[in-house]
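Chemist: Residue numbers (my numbering), protein chains in the order written: chain A, 1 to 120; chain B, 1 to 113.
There could be a bad hint or two in this list.
[Stated by the list, open to error] Listed next, the in silico SDA-like pairs over lysine to any residue satisfying Cα-Cα at most 25 Å (straight line):
id: 1; chain 1: B; residue 1: 108; chain 2: A; residue 2: 110
id: 2; chain 1: B; residue 1: 100; chain 2: A; residue 2: 89
id: 3; chain 1: A; residue 1: 44; chain 2: B; residue 2: 5
Read the hints as simulated data drawn from the structure, not as lab findings.
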Amino acid sequence: EAGVAQSPRYKIIEKRQSVAFWCNPISGHATLYWYQQILGQGPKLLIQFQNNGVVDDSQLPKDRFSAERLKGVDSTLKIQPAKLEDSAVYLCASSLGLGQGGSSYNSPLHFGNGTRLTVT
Amino acid sequence: SQQGEEDPQALSIQEGENATMNCSYKTSINNLQWYRQNSGRGLVHLILIRSNEREKHSGRLRVTLDTSKKSSSLLITASRAADTASYFCATVLNSGGYQKVTFGTGTKLQVIP
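Build out the structure end to end from the sequences listed, making use of the hints.
Modeler: The following block contains the structure:
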């Protein structure tokens with residue numbers, strides 16, 4: 001199966017500019033995640049979609065970050081305006097999500113290679 | 001916020017030796033997963049252990065889980081230079097119809113040929 005696709009691979013912008021990242025998850029995966037990974041740290045969840053609805057955006061800085069998942073497939077994450085502390089790798093991941101009919105199973109996350117953002 | 005704290009933060013061993021990484025977490029979980037991240041790449045899933053399991057094996061990997069102590073360990077036996085990477089534990093809690101996945105701080109492993 002094709003993996004999670006992300007673009008661009010690298011992006012350098014000046015502070016106060018805007019930037020957008022794109023993610024195409026694995027076909028059939030209901031859940032899509034955006035994580036922020038600062039150098040030397042573990043990934044931190046920014047936003048999680050189940051199909052095209054947001055289920056968790058508690059750690060998303062909503063004054064500058066926004067995300068959408070059109071038709072429950074592709075997703076874009078936008079930062080406007082960017083700050084120096086936004087320099088990080090932005091990782092997109094997808095998973096099958098929970099099972100149907102009330103049952104649940106636990107599916108691993110599949111990650112893209114990320115977008116490395118440098119804000120100068 | 002980071003759910004898991006990993007120990008050690010960095011580990012350097014000779015090829016052929018075993019590597020052990022530990023993960024401690026704070027809240028209830030449904031399962032715990034381990035991931036590997038090579039430099040400049042995304043994370044790759046290694047192994048999943050459910051909350052009612054105590055030990056699981058996959059190839060050269062052995063994972064243990066102690067829910068009473070809220071801790072897990074990952075053992076890589078007979079390490080190879082290709083195992084050089086960062087390793088992350090991730091706790092999973094099924095809540096409100098979705099999986100909440102929280103990553104730890106990671107252990108950076110260097111295997112010297």
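Chemist: For which of the previously enumerated hints does the structure constitute a violation, in increasing order of number?
Modeler: Per hint list: zero violations.
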